[in-house]
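Asks: Listed here are the chains, written in short residue letters.
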Amino acid sequence: MGGFSLSHLSGLFSLSDEQAMLRVQKQNDPRAFAILVHRWESWTKMFCTRFTGDVHRGEDLAQEVFAQILAHRNDYRHEGRFAAYLRRIAYNACCDWHRRTKRFRESTLSGADCDRTVCDVASAAPVLSPDAIMAKEEQAEAVRKALFRLPEHYRHVIILRHYEGLRFREIAELLDLSPGTVRSRMAEALTRLARILKPVLNEEVSGATSRQGTEEPAREENL
Amino acid sequence: MTHPTREEWMAYLYGELDTQKETTLKSHLQECPQCEHEVAAWRGAMAALDMWQLPGNHKSAFRLRQVTRRAVRWAAAAALLIAAGYVAGRVSAPRPLDREQLFVSLKSSLEPAIRLSLAEQTKRDMGLALASNNARFSKELAQFKEKLNAQHRRDLNEFAAKTLVISGAATDQRLRELIISIDSTQRQDRYRFAAALSQIESNRLQDKTRLRHSMAGLAALTATELHRTKQGLTQLLSAAQRDQPDPGEFEYGEPPNERREK
Chain A
5 MGGFSLSHLS
15 GLFSLSDEQA
25 MLRVQKQNDP
35 RAFAILVHRW
45 ESWTKMFCTR
55 FTGDVHRGED
65 LAQEVFAQIL
75 AHRNDYRHEG
85 RFAAYLRRIA
95 YNACCDWHRR
105 TKRFRESTLS
115 GADCDRTVCD
125 VASAAPVLSP
135 DAIMAKEEQA
145 EAVRKALFRL
155 PEHYRHVIIL
165 RHYEGLRFRE
175 IAELLDLSPG
185 TVRSRMAEAL
195 TRLARILKPV
205 LNEEVSGATS
215 RQGTEEPARE
225 ENL
Chain B
13 MTHPTREEWM
23 AYLYGELDTQ
33 KETTLKSHLQ
43 ECPQCEHEVA
53 AWRGAMAALD
63 MWQLPGNHKS
73 AFRLRQVTRR
83 AVRWAAAAAL
93 LIAAGYVAGR
103 VSAPRPLDRE
113 QLFVSLKSSL
123 EPAIRLSLAE
133 QTKRDMGLAL
143 ASNNARFSKE
153 LAQFKEKLNA
163 QHRRDLNEFA
173 AKTLVISGAA
183 TDQRLRELII
193 SIDSTQRQDR
203 YRFAAALSQI
213 ESNRLQDKTR
223 LRHSMAGLAA
233 LTATELHRTK
243 QGLTQLLSAA
253 QRDQPDPGEF
263 EYGEPPNERR
273 EK
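For the protein sequence lines, the chains are A and B, in the order given.
If you want our numbering, it's the 1-based position in the first sequence plus 4.
If you want our numbering, it's the 1-based position in the second sequence plus 12.
By construction, these hints were calculated from the structure, which means they are not laboratory data.
Some clues are possibly wrong.
[Unchecked claim] Short derived list, chain A residues pointing at chain B, Cβ under 7 angstroms:
| # | residue |
| --- | --- |
| 1 | 53 |
| 2 | 88 |
| 3 | 139 |
| 4 | 144 |
| 5 | 182 |
[Stated by the list, open to error] Over the 10 angstroms line for every Cβ pair with chain B, so calculated as not near, a few chain A residues:
| # | residue |
| --- | --- |
| 6 | 22 |
| 7 | 27 |
| 8 | 36 |
| 9 | 50 |
| 10 | 106 |
| 11 | 179 |
[As the list claims (entries may be wrong)] Simulated coverage check for chain B against chain A, where a stretch passes if three residues somewhere in it have a Cβ under 8 angstroms from a Cβ of chain A:
| # | segment |
| --- | --- |
| 12 | 21-33 |
| 13 | 172-184 |
The model shown is predicted, which means the values in this text are computed figures rather than measured ones.
Note that the Cβ used here is the ideal one computed from N, Cα and C, for glycine as well.
Please construct the entire structure, taking both the sequences and the accompanying hints into account.
Replies: Okay, here's the thing in structure tokens:
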């Protein structure tokens, strides 16, 4: 934690994301761009991996996102935060990718390419035995597949709310919808997901659903 | 019994409701098995979603990053504020009474009086010394001034004399040079004049000799011409005598006249 906060303390005295982007825009400063890439590369990769369901595609898309930011640096307006700008670009890149690969999508989803998605169960619960890790990886893969069986507009809401932690209001801004619509889509998405996952994860989920008032029952079960 | 909407349940599940609304929904959940069942299904789905972890994924790296940055900023601001407060407190706080402070206060109260008396004493002593010193000093000053004046006058005279002598010598020298130059000029003029005179003289002599020569030539020419004329006349006379022997007196009267003219 000490190193973590120290790195953030040093960040206080370095360029902010917005200042770095301003330099990229006005002075074509490669160092400022390198700072931005260094700070946001892993987040962008993860974001794109969530949307594509594939680590390698996520990395490719992340590169595309930064290339696009550099190419269209003059489009950046210094009104909001750079992070929100980056999120919008990354989201659009993911949507473009979906559009481009629409006909290949089903085959991608049906293929059991767990090795490519790198389900990081081991790091999430390091005390588990190899068998348990294997079981968790299978569950994770099942979840991933279930998620990708959902229609796109439901899946996007789930990724943005559940994995990216955006508020419904922020998602509504990003998707250009009303917050009410986003919330109802979220409810529908969760309902469908529960229905899909019921036969697969019956024992785990049923244990979780029997409890009340716990925010993250599955996580507790892991511990 | 009115059930909360699905949208409200979503906001509830993701903690985006205000506390009052949240307690309302919570109490409803305990009373309504229908809603409880629905919410349990959603919670199951949410728990399942948590199973798909990516390397390095905290629930949201993005928000965590923003939140920690903001938190660190606030922490830094708070630390600065605390430090400033501490410094201000240290500066403004009254110190406990101790020996050092007593000494300082004593010193501060006594020091001006001591300084004042010391200064007066010094001033008086200085005044006396200055008075006696002053008289001696003014006498010495007057003597020195006189000496300086005399020296100055002497130096001035000497310098004037020297200047005069030097300037006299220089003037003599100049005069001598002037005289010499005038003399030489006069002599040159005289030489030139003499040369011109001798030139004139020689010219005159030359002219004279040339004249004499030409006169002699002329005389010779005249003599020969006269002789020829006499011959011609004699011939003419002889020729005329043959024709007319009469005008003899004319023949002899004429030549003396001619000679006289010449």
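Asks: Could you run down the list of hints and mark each one as holding or not?
Replies: So, going through the hints one by one against the coordinates:
1. The criterion of a C-beta within 7 angstroms of any C-beta in chain B is met by residue 53 (chain A), whose closest approach is roughly 6 angstroms, and the hint holds.
2. Interface restraint check for residue 88 (chain A): the shortest CB-CB distance to chain B comes to about 10 angstroms, outside 7 angstroms, so the restraint is violated.
3. At about 10 angstroms, the closest approach between the beta carbon of residue 139 (chain A) and any beta carbon in chain B exceeds 7 angstroms, and the interface hint on this residue is violated.
4. Taking 7 angstroms as the C-beta cut-off, the interface hint given for residue 144 (chain A) holds, the closest approach to chain B being about 5 angstroms.
5. Because the closest C-beta pair between residue 182 (chain A) and chain B is about 10 angstroms apart, greater than 7 angstroms, the hint is violated.
6. The Cβ of residue 22 (chain A) lies farther than 10 angstroms from every Cβ of chain B, with a closest approach of about 12 angstroms, so its non-interface assignment holds.
7. In this structure residue 27 (chain A) is separated from chain B by more than 10 angstroms, as the shortest Cβ-Cβ distance comes to about 19 angstroms.
8. For residue 36 (chain A), the non-interface assignment is confirmed: its Cβ lies about 18 angstroms from the closest Cβ of chain B, beyond the 10 angstroms cut-off.
9. With a least CB separation of 5 angstroms from chain B, residue 50 (chain A) falls inside the 10 angstroms interface cut-off, contrary to its annotation.
10. Distance check on residue 106 (chain A): its Cβ is at least 23 angstroms (rounded) from any Cβ of chain B, clearing the 10 angstroms threshold; non-interface status holds.
11. The claim that residue 179 (chain A) is not at the interface with chain B holds, since no C-beta of that chain comes within 10 angstroms of its own (minimum 15 angstroms).
12. With a cut-off of 8 angstroms between beta carbons, the segment 21-33 of chain B has 5 residues touching chain A; three or more are needed, and the interface restraint holds.
13. Coverage of a stretch by a chain is defined here by at least three residues with a beta carbon nearer than 8 angstroms to that chain's beta carbons; for the segment 172-184 of chain B and chain A the count is 0, and the condition is violated.
The structure does not agree with the numbered hints 2, 3, 5, 9, 13 stated previously, though it agrees with the rest.
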